[in-house]
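What follows is the residue order along each chain.
Protein chains: 2
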Amino acid sequence: MKFVIQKQAFIIQLNHVTRAIPSKATIPILQGIKITATNEGITLIGSDADISIESFLPVDNESYDLSIEEEGSIVLPARLFNDIIKKLPKDEVVIESDDFYHATITSGSATFNINGQDSESYPRLPDIEIDQQINLPPLLFKQMVDQTVFATSNQESRPVLTGIHLTANASSITAAATDSHRLSLREIPTDLPNGEDSFKPITIPKKTMVELTRMIDDNGKLAFAVTEQQVIFFLENLTIFSRLLEGNYPDVYRLIPSSHQTELVLNANNFLQAIDRASLMSHESKNNVVQLEIGEDNVELSVKGNQVGHVAEEIDYKKAEGDAIIISFNPDYMKDALKSFGDVDIKIQFQSSIRPLLMSQDLEDEVPHSQLLQLLTPIRTHHS
Amino acid sequence: MKFVIQKQAFIIQLNHVTRAIPSKATIPILQGIKITATNEGITLIGSDADISIESFLPVDNESYDLSIEEEGSIVLPARLFNDIIKKLPKDEVVIESDDFYHATITSGSATFNINGQDSESYPRLPDIEIDQQINLPPLLFKQMVDQTVFATSNQESRPVLTGIHLTANASSITAAATDSHRLSLREIPTDLPNGEDSFKPITIPKKTMVELTRMIDDNGKLAFAVTEQQVIFFLENLTIFSRLLEGNYPDVYRLIPSSHQTELVLNANNFLQAIDRASLMSHESKNNVVQLEIGEDNVELSVKGNQVGHVAEEIDYKKAEGDAIIISFNPDYMKDALKSFGDVDIKIQFQSSIRPLLMSQDLEDEVPHSQLLQLLTPIRTHHS
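As you go down the protein sequences, you meet chains A and B in turn. Under the numbering used here, the first residue of the first sequence is numbered 1, with each subsequent residue one higher. Under the numbering used here, the first residue of the second sequence is numbered 1001, with each subsequent residue one higher.
Only chain A is shown next, with the shape it has when bound in the complex (with noise of 0.2 Å):
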């Protein structure tokens, strides 16, 4: 295998391959990269157990400078491969191998000399045919990710919990995740082929859906396709493997309150930074929780006296309507859900001091299919 590259166009899909790579595993050979050099161009695939990467270097895209001087393909230790690649002099890189897996890689003066491995032993990915692929819009899509990947899960005890849940709807695609104390859903519209049966609902790992949304480019190519084991994405020259998530995933639409008591609507920020404050308080108790209070014509945010010492705010608000409630919660469950919304008015729905309280954004048209609901499950004290 020999050829010759430009060095920072390399260094960006390296750096794209090498997320999937594991810096320890179980496997020794998937801690390396898998390079292939055909006439069409460099292939690189970076894999651990559950995510492989796979980007595609075509000879033809000029900001490769990309030449093929021999066919062939190896496996290189993956972190020191990239180091090496990040420091060397020149811009002109000229990789090479030899048939007992040692590469070359010189630089202007520099010349390397790296152990690898025989690419022969590298597991391979799937072979798949792809029927058909779904369309995604890139930044909406980036944007579900982040409104609900934070409600997640970190618990192994129920593994499909640690993923974010997609389903198809006629002509959008919902995201939902939850840990038991917090939902997040969150729709996008999207053509769909095949609507609501363009694909089964499927639970994908949240570090792929990390991964990936920090692939993404917000003006490029997003699709993807679903098959019996795998979800595959598809990036403009990237292409994402990924296992599922095993288990039901639990029905959370049920969980959606109908109906309220009280009603708050306030500036999503203004209200973060007071739950900020008010936390600083609460994380010097053991139990980790602020009250809010809405009254007759006030609504107070405190922390009740510890060892520390005592919180209160009064907290500006646009409109509250209903009953009078007092209602407790973790203040950095309920930061995670403002910080979705932006800097926008939202309101906050209560059935009672015990019942989850739904938050959504207060619009006048609300824009089709592209509801952002957080819901989070209050903390009973002694005040309830």
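To be clear, the hints were calculated from the coordinates, so they are not data collected in a lab. As the structure is a prediction and not an experimental result, all values here were calculated from the model. Among the hints, erroneous ones may be present.
[Unchecked claim] Far from chain A, some chain B residues (derived; all Cβ distances over 12 Å):
id, residue
1, Lys1024
2, Pro1077
3, Asn1115
4, Glu1246
5, Glu1313
6, Val1344
[What the hints assert, rightly or not] Here are the in silico distance ranges between beta carbons for each label pair:
id, chain 1, residue 1, chain 2, residue 2, range
7, A, Asp251, B, Asn1115, 43 to 51 Å
8, A, Thr104, B, Thr1026, 51 to 59 Å
9, B, Ala1049, A, Lys339, 36 to 44 Å
10, A, Asp276, B, Glu1092, 51 to 59 Å
11, B, Pro1201, A, Arg214, 47 to 55 Å
12, A, Asn61, B, Lys1318, 39 to 47 Å
13, B, Lys1319, A, Ile12, 33 to 41 Å
14, A, Gln371, B, Glu1092, 36 to 44 Å
Cβ atoms here follow ideal geometry from the backbone N, Cα and C, with glycine treated the same way.
For this one, chain A is given, so just place chain B on it according to the hints.
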């Protein structure tokens, strides 16, 4: 105690003082910040066993917009107090304490109540009569610390080597640091009131020097005074007290070689980058060693074969004079030394492959009393 102050200017001083405050202190009250209000202004004190920092905020400094409504003092939990002040909603902050060591912090509609401690229980700073402060050039002093501090030892077995050693000369100060593998020496010109008798040689803990450089204003005041057991630095409105390290500092000047067999002149920054590249391979070995070979008409840097691979690079140089030599050294130590020079030409002088190499700037006309020397002991390999 009660006073009103502007948040932003207050935060800057809080940040300075909390530099000294440990997150976990064996003496619990040292996790606090001591706040004293008098009609002249506010004094903030933070301390650990080794460093104490005092900041004075005078009423006549407009940036604080300070008004003292009641004199008094209190000790408050430093980290929490700092976090609260930073997150307050308005610029104006009211801080008040009662006779039971309860403090109230009010800003806008937020009110924090935190429990403090009696300021009488806080250790007193030494009340020292200072005859004379010795002025220092702020920018050069910071440079001097940056160019030497990395060579201090991290090993507590010889505590005096964990500090920077300062010596007074006729019209300059010299800083020395050594971990016994390398030595950094930097001289800066300074007006000394009594020449080399201005102060006896002292060794200041690394932490003091590092924290100090972060507080120094390049255009502000910088002076110091030495007492029997302490050094005190005076900045615009800050006073930093530090213990001195005990023990005899080695006579480092006798380590500087007076002759050489080989001299190499090259750009420090280019050489740094080559060392950085080569170190990628040496880091893969147990013994982290790179080899420099100065031959008849080329200079080569290399890392010999290890299980991962090897690297060789021809080095650009301006001048090479004297005997051919092969010498090996720790690339990370060499990187530290090279960084201290910046992007300038340096000369490296070699006596033999087992004697220390000496680095200095390659200048036509030296700036008096501004010399920077870096000495590095080579590593003996089977090539030596």
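12 Å cut-off, C-beta based - B:Val1344 kept clear of every residue in chain A | holds, 19 Å
Beta-carbon spacing of A:Asn61 to B:Lys1318 - inside the hinted bounds 39 to 47 Å or not | holds, 40 Å
Find the nearest Cβ of chain A to the Cβ of B:Glu1246 and say whether that gap is larger than 12 Å.
-> holds, 39 Å
Non-interface claim for B:Glu1313 versus chain A (Cβ beyond 12 Å) | violated, 4 Å
Given the hint of 47 to 55 Å, check if B:Pro1201 and A:Arg214 actually sit that far apart at their C-beta atoms.
-> holds, 54 Å
Cβ-Cβ distance between B:Ala1049 and A:Lys339: within 36 to 44 Å?
-> holds, 40 Å
Range hint compliance [Cβ, A:Thr104 to B:Thr1026, 51 to 59 Å] | holds, 56 Å
Pairwise beta carbon distance, A:Asp276 to B:Glu1092, judged against the given window 51 to 59 Å | With a Cβ separation near 19 Å, A:Asp276 and B:Glu1092 fall outside 51 to 59 Å, so the hint is violated.
Outside-interface status for B:Asn1115 - nearest CB in chain A farther than 12 Å = violated, 5 Å
Could one say that the CB atoms of B:Lys1319 and A:Ile12 fall in the range 33 to 41 Å?
-> holds, 39 Å
Beyond 12 Å from chain A, beta-carbon-wise, is B:Pro1077?
-> violated, 7 Å
CB-CB spacing for B:Glu1092 and A:Gln371 relative to the 36 to 44 Å hint | holds, 40 Å
In the structure shown, a violation is registered for the earlier hints numbered 2, 3, 5 and 10, in ascending order.
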